[in-house]
Amino acid sequence: MRVRLLIILSIILASASAQDAHYWTEQYGTRSMLLSNSVYGSVEDLGAVYYNPARLSFIEENAFLISGKVYQLSSYAFDTNTNGERTSPKRQSSFGGAPSLLAGTYRVKGWDKHSFAYSFLGRRNMDISLTESSSTYGDVLPILPGEEYFSGDVYLQKKFNEEWFGLSWSFAPNERFSIGLSNFLTIRKQNALDETQIYAYTEAQDVESYKNNNSYSFSHAGVLWKIGLAWNLDPITCGITITTPMVSLSGNGSFNYDYVYTGINEANPIYERNKQNDLDMTYKTPFSIAGGVGVNIKRNSIHASAEYFGAISEYTLMTSEPFTGQSTNTEYQAVLVDKLKPVLNFGIGYNFVFSDALYGYISYSTDFSAASATVNEGDIFRAKTYASTFKSNINHFGGGVVMHLKRADITLGASLATTDYRIKRSLVFPEDGNSGIFDPDAYTDVHWNRWRFIVGVSIPFLNDFAKKWEDKLLNNGDKAN
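Counting with mature numbering (1 follows the signal peptide of the UniProt record, and there is no 0), you get residues -20 to -1, 1 to 461 for the letters of the sequence shown.
Okay, the calculated beta carbon distance ranges per label pair:
id, residue 1, residue 2, range
1, TYR251, GLY76, 36 to 44 Å
2, THR296, TYR129, 41 to 49 Å
3, ASN280, SER113, 51 to 59 Å
4, VAL203, ARG279, 35 to 43 Å
5, ASP260, THR308, 21 to 29 Å
6, TYR251, ASP425, 38 to 46 Å
To be clear, the hints were calculated from the coordinates, so they are not data collected in a lab. Glycine included, each C-beta is placed from N, C-alpha and C at the ideal position.
Please model the entire structure based on the sequences and the hints provided.
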């Protein structure tokens, strides 16, 4: 029974662990981060490489942007209701860096109506580890005679990192219209682990043990394109951005499965282990189309955007070769799949000007989940695993200031991402008369917050120095011809 309890607990923790099916979780660029993705038609910084490459034509000077000083504080609070009573909230938090953007623009002599940019951005990043442990002495396992020393651990981890490397181009035939294209190479690494270990030392001086591990990992590379159109119709700016599905270039992954059980009261012991590497895999992203508008109201401005992401029918990312359990002769095969719903996100932001040197920003945006699956099946062998399971929607709030100094623009701000969701199970062990995890009517409310603190620096790209090198290179090229 206790074995079943810890397995159930691992399923519950899996459902609460990851923002893995959201498209608007990240923001890029200094002002754009404070405007919460509402800038598809009005982006004015180098976040244009992502939001709308056509807007690069409206960035007048060569520039270099680092928005890497972004720190985040993530926290969970679990509040369980069992037998009609609420338990004290259980909390967990982590602090660390957040995905960033590094980008720069440059011009080519003789191509006055063309703009070019390079970029590196952290598209998605997550590293969550949850551990639940129990250690006690008593009649914990009724199947064993007498009392025993009992310990159990559940360890759950989900980690992924996705980085984009891009080159962008924009062409403006006149001052009112431009077109642009960004080409991104994407590299994604992801792994997940779900492990349960149980040990008991009985009055008969026997040691009973149970271990179950299901894990996978993969690496994938692909390319995609963003096509942008932009209009500058003073006092209104607007734009459209189309993002293509990813074209897969390469991918490989691995599965790992362990099930070791000593057997209790003459039950047959079990030994099943299998690890497979270098498996072929693929990864898909949806088609999307975004539109945005910015309106100047005297010295202030309002920004609004929306983006539609298409659905992805259920597909297989990776499949293991069939294998047979050593002690059971049971044949197994693992498969990693995904299925994503269509999503429509929207955002709105307001820029108010205190003075020529100080601008303020406030914003809000949605971040709806595209996940179709809920929790992965909790069998001892995980035959079918969904890559995306987090179905709760996230709200984003942002604000801050930009200080325009002589040699740089300094951005200071903060953003809050928050969501609440309910798990129809308990997260507590039975105690004080409560049924805890055995209560079929129990539920747990989970509250998740992510604060981000932003320090951005945008530096005019030492124009004289940059132009000197451009002229030198171009003039040398002319002489060679």
